[in-house]
Amino acid sequence: MTKMFTREDLDTMQLLRCAFDPAGLCNPGKIFPTPRLCGEVPGPRRGVHPIVAAGLAEQF
Amino acid sequence: VGGLTPPWVASPADTSEASALLAAATEHELAVVPRGSGTTVSWGVPPRQLDLVIDTLRLDRVIEHAAGDLVVRAQAGVTMNQLAGVLATARQQLALDVPPRPGGQGSSPTVGGVLATGAAGPRRLRYGTPRDLLIGITVIRPDGTVTKSGGKVVKNVAGYDLGKLYTGSQGTLGLITEAIFRLHPLPAATAFVTAGYADPAAAAEGVAAAAGSDLAPAAIEIDQPSRDGLVRVAVLLEGDPGGLSERASQMRGVLGAGTATLDAAPPWWGAGPATPGSGAAIREGSTLIQIGFWAAALPGVLDAVDAAGRAAGLDPAVAGSAAAGVLHAAVPGTAAPEALAAFLAGLRERLARDLEPGFAGGEGPPARAGAVVVRAPAAVRALIDMWGPVPSLGLMRALKDQFDPGHLMAPGRFAGGI
Numbered sequence: 001m002t003k004m005f006t007r008e009d010l011d012t013m014q015l016l017r018c019a020f021d022p023a024g025l026c027n028p029g030k031i032f033p034t035p036r037l038c039g040e041v042p043g044p045r046r047g048v049h050p051i052v053a054a055g056l057a058e059q060f
Numbered sequence: 001v002g003g004l005t006p007p008w009v010a011s012p013a014d015t016s017e018a019s020a021l022l023a024a025a026t027e028h029e030l031a032v033v034p035r036g037s038g039t040t041v042s043w044g045v046p047p048r049q050l051d052l053v054i055d056t057l058r059l060d061r062v063i064e065h066a067a068g069d070l071v072v073r074a075q076a077g078v079t080m081n082q083l084a085g086v087l088a089t090a091r092q093q094l095a096l097d098v099p100p101r102p103g104g105q106g107s108s109p110t111v112g113g114v115l116a117t118g119a120a121g122p123r124r125l126r127y128g129t130p131r132d133l134l135i136g137i138t139v140i141r142p143d144g145t146v147t148k149s150g151g152k153v154v155k156n157v158a159g160y161d162l163g164k165l166y167t168g169s170q171g172t173l174g175l176i177t178e179a180i181f182r183l184h185p186l187p188a189a190t191a192f193v194t195a196g197y198a199d200p201a202a203a204a205e206g207v208a209a210a211a212g213s214d215l216a217p218a219a220i221e222i223d224q225p226s227r228d229g230l231v232r233v234a235v236l237l238e239g240d241p242g243g244l245s246e247r248a249s250q251m252r253g254v255l256g257a258g259t260a261t262l263d264a265a266p267p268w269w270g271a272g273p274a275t276p277g278s279g280a281a282i283r284e285g286s287t288l289i290q291i292g293f294w295a296a297a298l299p300g301v302l303d304a305v306d307a308a309g310r311a312a313g314l315d316p317a318v319a320g321s322a323a324a325g326v327l328h329a330a331v332p333g334t335a336a337p338e339a340l341a342a343f344l345a346g347l348r349e350r351l352a353r354d355l356e357p358g359f360a361g362g363e364g365p366p367a368r369a370g371a372v373v374v375r376a377p378a379a380v381r382a383l384i385d386m387w388g389p390v391p392s393l394g395l396m397r398a399l400k401d402q403f404d405p406g407h408l409m410a411p412g413r414f415a416g417g418i
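As you go down the protein sequences, you meet chains A and B in turn. Just so you know, the first sequence maps onto residues 1 to 60 in the numbering used here. Just so you know, the second sequence maps onto residues 1 to 418 in the numbering used here.
No lab work stands behind these hints: they were computed from the structure. Any given hint might turn out to be false.
[To be verified] Between beta-carbon pairs, the in silico distance windows are:
hint : chain 1 : residue 1 : chain 2 : residue 2 : range
1    : B       : A257      : A       : D21       : 52 to 62 Å
2    : B       : G168      : A       : L25       : 50 to 60 Å
3    : B       : L230      : A       : D21       : 25 to 35 Å
4    : B       : H28       : A       : P22       : 58 to 68 Å
[Claimed, not checked] Chain A is faced by these chain B residues, among others (derived, beta-carbon under 7 Å):
hint : residue
5    : T15
6    : A31
7    : G144
8    : T145
9    : T147
10   : K148
11   : A158
12   : Y160
13   : W387
14   : L399
Quick reminder that beta carbons are idealized off the backbone N, C-alpha and C, glycines included.
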């Protein structure tokens with residue numbers, strides 16, 4: 001997807017999704033590479049995941 | 001546009017110029033209406049506000065014609081005639097008929113205009129409408145962002161197919177700058193089989209028989225200039241010259257009495273409704289109503305038009321792609337606006353009551369028929385609701401808010417003030 005479409009193209013598809021499914025509850029992650037919510041900044045996650053920080057999980 | 005004169009008109013030469021233009025317009029909060037050849041600019045509701053018209057006619061390049069793949073990529077300002085000329089060199093076509101135009105003359109509509117209106121003609125029965133033939137699109141969002149959807153392969157499946165969203169959006173979501181279409185070969189031969197019926201019910205039977213036959217009609221049109229006149233039906237057959245005459249003679253048998261086979265289209269083919277005496281009723285000043293319906297409901301729709309016309313003291317001309325479930329009714333501009341409003345109200349009531357009991361403005365299952373006013377003079381517009389009941393209007397408003405948060409693209413042109 002990211003090779004075929006630019007970030008702007010994918011953002012535009014998200015606009016459609018936000019109109020139908022503002023909370024991103026319908027099959028999240030199915031079509032788009034990063035499950036993005038409306039207004040969320042795209043890209044890989046940075047920093048320590050909250051559940052790792054809480055000592056509940058280990059990240060490999 | 002709809003009686004408004006814009007203070008500015010801009011004519012970008014490429015997508016990046018158009019992008020910069022839209023970004024600047026949004027920065028200055030200018031209301032923008034895109035325009036191609038202007039053949040359908042009188043359709044619909046005039047915009048609430050108009051500061052800038054973007055003329056797409058300089059975006060006039062056919063970028064790529066991949067004849068082997070039956071695909072073409074063209075800019076939005078390419079006219080349909082220009083495109084047909086390019087494609088004909090490879091014996092191919094974009095199988096869309098040019099929509100009826102006021103006065104029946106003037107320049108050919110542009111690719112962008114055909115998409116923005118979603119207009120289609122007789123051959124929609126076989127080939128579909130613009131949304132069915134569009135496989136990729138480039139649209140500039142109101143903030144100037146250039147975005148693409150789809151691609152140039154017929155079987156592309158990646159991402160949302162936003163082309164379907166933009167088709168028929170009347171320029172309210174963004175500026176279409178490029179489109180990619182799937183193509184069809186030009187038919188080796190064509191024949192038209194015509195028939196005349198004294199009464200609409202018989203004509204509807206003829207249409208149903210032709211549509212249900214195994215003779216593969218490419219289009220079935222009906223034309224009723226006046227309620228007392230002959231109802232004309234014509235069927236287009238396309239294909240191999242060898243089998244065509246046999247198919248045509250079988251089709252004459254299907255249609256019944258009073259039939260003929262023609263090499264060329266009858267003069268009224270795809271021209272829209274026309275009343276006798278007034279010439280083309282689809283000229284400026286007339287009111288044009290589009291009725292969409294389940295194809296099987298054709299007899300009921302013809303009855304509803306007739307009954308509503310009688311009740312309002314009007315004799316509307318009716319024509320359209322009967323087997324595809326689209327008819328147009330036209331009333332000349334000389335009719336009283338009050339009578340037209342009564343006709344429209346009566347028509348909508350009958351369509352809702354007689355064809356789909358229980359449907360009322362967004363409740364219940366989808367209607368089996370609906371009437372939308374394509375074009376009307378200002379005096380008529382003031383009295384009527386152009387769109388009628390529109391289900392899922394809330395969703396359309398949410399889409400508009402997402403795509404055009406400033407409501408600057410053709411504001412008010414679409415249903416519900418979108």
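Status of the hints after comparison with the structure:
1. Checked against the hint of 52 to 62 Å, the pair B:A257 and A:D21 passes, with Cβ atoms roughly 56 Å apart.
2. Checked against the hint of 50 to 60 Å, the C-beta distance between B:G168 and A:L25 comes to roughly 28 Å, which is inconsistent with it.
3. For B:L230 and A:D21, the hinted distance range of 25 to 35 Å is not satisfied, since their beta carbons lie about 53 Å from each other.
4. A hinted range of 58 to 68 Å for the beta carbons of B:H28 and A:P22 is inconsistent with their spacing of about 30 Å.
5. Because the beta carbon of B:T15 sits about 12 Å from the nearest beta carbon in chain A, more than 7 Å, this interface hint is broken.
6. Interface hint status for B:A31: violated, as the beta-carbon distance to the closest one in chain A is roughly 20 Å, over 7 Å.
7. Interface restraint check for B:G144: the shortest CB-CB distance to chain A comes to about 10 Å, outside 7 Å, so the restraint is violated.
8. Hint status for B:T145: holds, given a least beta-carbon distance of 5 Å to chain A, under 7 Å.
9. Because the beta carbon of B:T147 sits about 4 Å from the nearest beta carbon in chain A, less than 7 Å, this interface hint is met.
10. At its closest, the beta carbon of B:K148 sits 5 Å from a beta carbon of chain A; the interface hint therefore holds under the 7 Å criterion.
11. The interface hint given for B:A158 holds, since its Cβ lies 6 Å from the closest Cβ of chain A, which is under the 7 Å cut-off.
12. Annotation: interface hint on B:Y160 holds; nearest CB of chain A at approximately 4 Å, less than 7 Å.
13. Below 7 Å, beta-carbon pairs count as interface contacts, and B:W387 has none with chain A, the closest being about 19 Å; its hint is therefore violated.
14. Taking 7 Å as the C-beta cut-off, the interface hint given for B:L399 holds, the closest approach to chain A being about 4 Å.
Figure legend: structure checked against the earlier numbered hints; hints not met, in rising order: 2, 3, 4, 5, 6, 7 and 13.
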